[in-house]
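Add chain B to chain A, keeping to what the hints say.
2 protein chains.
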Amino acid sequence: MSPRRLGLIAGGGEVPGNVADAAVAAGMEVFVLAFEETTDPALLARFPHRFIRFDKVGGTLEALKANDCDSVCMVGKVARPDFSKLRPDMAGIGLLPKVLAAARKGDDALLQVLVDFFDKKGFRVMGAHEIAGDVLAGAGPMGRVAPGEQDLADIEKGMAVVDALGALDVGQGAVVRDGLVLAVEAAEGTDRMLERCGGLGEGAGGVLVKLTKPGQDHRVDLPTIGVETVARAAAAGLNGIAVEAGAAMVIDRVATLARADAEGLFITGVARAGRT
Amino acid sequence: MSPRRLGLIAGGGEVPGNVADAAVAAGMEVFVLAFEETTDPALLARFPHRFIRFDKVGGTLEALKANDCDSVCMVGKVARPDFSKLRPDMAGIGLLPKVLAAARKGDDALLQVLVDFFDKKGFRVMGAHEIAGDVLAGAGPMGRVAPGEQDLADIEKGMAVVDALGALDVGQGAVVRDGLVLAVEAAEGTDRMLERCGGLGEGAGGVLVKLTKPGQDHRVDLPTIGVETVARAAAAGLNGIAVEAGAAMVIDRVATLARADAEGLFITGVARAGRT
Numbered sequence: 001m002s003p004r005r006l007g008l009i010a011g012g013g014e015v016p017g018n019v020a021d022a023a024v025a026a027g028m029e030v031f032v033l034a035f036e037e038t039t040d041p042a043l044l045a046r047f048p049h050r051f052i053r054f055d056k057v058g059g060t061l062e063a064l065k066a067n068d069c070d071s072v073c074m075v076g077k078v079a080r081p082d083f084s085k086l087r088p089d090m091a092g093i094g095l096l097p098k099v100l101a102a103a104r105k106g107d108d109a110l111l112q113v114l115v116d117f118f119d120k121k122g123f124r125v126m127g128a129h130e131i132a133g134d135v136l137a138g139a140g141p142m143g144r145v146a147p148g149e150q151d152l153a154d155i156e157k158g159m160a161v162v163d164a165l166g167a168l169d170v171g172q173g174a175v176v177r178d179g180l181v182l183a184v185e186a187a188e189g190t191d192r193m194l195e196r197c198g199g200l201g202e203g204a205g206g207v208l209v210k211l212t213k214p215g216q217d218h219r220v221d222l223p224t225i226g227v228e229t230v231a232r233a234a235a236a237g238l239n240g241i242a243v244e245a246g247a248a249m250v251i252d253r254v255a256t257l258a259r260a261d262a263e264g265l266f267i268t269g270v271a272r273a274g275r276t
Numbered sequence: 001m002s003p004r005r006l007g008l009i010a011g012g013g014e015v016p017g018n019v020a021d022a023a024v025a026a027g028m029e030v031f032v033l034a035f036e037e038t039t040d041p042a043l044l045a046r047f048p049h050r051f052i053r054f055d056k057v058g059g060t061l062e063a064l065k066a067n068d069c070d071s072v073c074m075v076g077k078v079a080r081p082d083f084s085k086l087r088p089d090m091a092g093i094g095l096l097p098k099v100l101a102a103a104r105k106g107d108d109a110l111l112q113v114l115v116d117f118f119d120k121k122g123f124r125v126m127g128a129h130e131i132a133g134d135v136l137a138g139a140g141p142m143g144r145v146a147p148g149e150q151d152l153a154d155i156e157k158g159m160a161v162v163d164a165l166g167a168l169d170v171g172q173g174a175v176v177r178d179g180l181v182l183a184v185e186a187a188e189g190t191d192r193m194l195e196r197c198g199g200l201g202e203g204a205g206g207v208l209v210k211l212t213k214p215g216q217d218h219r220v221d222l223p224t225i226g227v228e229t230v231a232r233a234a235a236a237g238l239n240g241i242a243v244e245a246g247a248a249m250v251i252d253r254v255a256t257l258a259r260a261d262a263e264g265l266f267i268t269g270v271a272r273a274g275r276t
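Residue numbers (the UniProt record's numbering), protein chains in the order written: chain A, 1 to 276; chain B, 1 to 276.
In isolation and in its complexed conformation, chain A is listed as follows (with noise of 0.2 Å):
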């Protein structure tokens, strides 16, 4: 049976909204659980919502059972909260040693835990590639402009670099020029990472390469590319964005691949070696 009401753990950037859309013409309905500060209010004023916080696990799963939601969906930013300042209700301090212990060994580990959470709890866990499918990046060139031989080269070294981050939990992107890595992704996201690459190395060139990490559940953190990583990856002079096929997501295709072709980049889709 499909999910008929969704509740969408909504986090900042516009993935949520075009999720929350994709979900609507699926003919879902939708209840969006927002952060503070974070999640779009354009999101909040179209959708019944509800503020929650990390440390409210009771009063979420409340919220969630109260607007008769079947299934839940974690998509957009959320910052790491102040472990040190949390004040849990009882639910959250059940949650909170597997949630202390998860959160030293990363991010992804510690949204695994929230999706083994409400898997457990009877929800539906979707990822947002399950809802909004045609998000998902396609293999080979997706617009115009296709790779050159020095962009192949720098796109290996790349997967490379982010398979042995993504091994650790650390992070999923990283920038190569000319065999030279440029700016590895940690905690800063894409965008400040592409920020600084316009003052590193001489000349122009390079990729941003954005993988899922090895063994990353899917239903959570799809690395995602938008207009605005085009124009930060024109910005810092690179040639090109590669993304894993299948597990990447493109937000707002159309305007995000005519955006590369007017500023001639390319965006391909690779697939990892042992991953089809």
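Wrong hints could be hidden among the right ones.
Identical copies carry no separate label here, and so any pair may be met within one copy or between two of them.
[Claimed, not checked] Below, simulated SDA-like cross-link-like pairs (lysine to any residue); rule was C-alpha separation at most 25 Å, straight line:
1. 105 / 163
2. 105 / 152
3. 85 / 196
4. 77 / 195
5. 77 / 117
6. 85 / 149
7. 121 / 4
8. 98 / 215
9. 120 / 262
10. 121 / 92
Bear in mind the hints are in silico, worked out from the structure with no lab data behind them.
Relative to chain A, chain B alone:
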């Protein structure tokens, strides 16, 4: 026989000056090969010198021979050249294919080509630590502050990250706070990495970890910290700095440790598994 006249290939920062002083104290004469707009003018004022360019390999050898150097030491930061703009001399043309191939692998591979080249030409290639031995980090806390339990866990995670990156010849540093990797160093260098940590994550604490790359020739590009590193680590809210014992350089040691003590930061030397 100990070297008589050292050709100091001097990049930016204060390390070349420290090495020059240590060489003089050890009874060596110093001739500086300098880079335009990179090498410290104070160093140039104190020692005979000549400006060199990456592509003028023959000219560099000539300068070393004309000035009777029997050894060379490469130390200090140098920006990667824009390989598309090089106009090499004859010796440079001979070396170029190797340099280009190595450059695609990373900085470490690139420097190794230069080490091997000077080696073959009969120069003794010396590491900064062989000349200024007292700059190397010891094992354990070097100042008055020692790392706590969470710091030790963060150091361990940081070491795993830097090891994984170093194996790909990416960088030598990372910042970890409460298990979360805040930042990973690539081409931007330690100072800029620390700068961006201030605004990342919640709360304070965390460690900067700096290690050599696995398999790195210790005669070039040793990880280095100094007063500036401590100041930036403090500004980022970190608890301390962990460097590879016997392989990382603590420049201006007295002032650096004093600053760390004053800021309440630890500086500790760590040994990696498989190394002593």
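Verification of the supplied hints:
1. 105 / 163: both (16 Å within a copy, 17 Å between copies)
2. 105 / 152: between (32 Å within a copy, 14 Å between copies)
3. 85 / 196: between (32 Å within a copy, 23 Å between copies)
4. 77 / 195: This pair counts as both: shortest intra-copy Cα distance 18 Å, inter-copy 22 Å.
5. 77 / 117: within (20 Å within a copy, 49 Å between copies)
6. 85 / 149: So residue 85 and residue 149 pass the 25 Å test across copies only (20 Å; inside, 50 Å).
7. 121 / 4: For residue 121 and residue 4, the Cα distance is within 25 Å only inside one copy (17 Å; across copies 75 Å).
8. 98 / 215: Result: close within a single copy only, 19 Å intra versus 38 Å inter.
9. 120 / 262: neither (47 Å within a copy, 50 Å between copies)
10. 121 / 92: Intra 14 Å, inter 67 Å, cutoff 25 Å: intra-copy only.
Comparing the model with each numbered hint stated earlier shows that hint 9 is the single one that does not hold.
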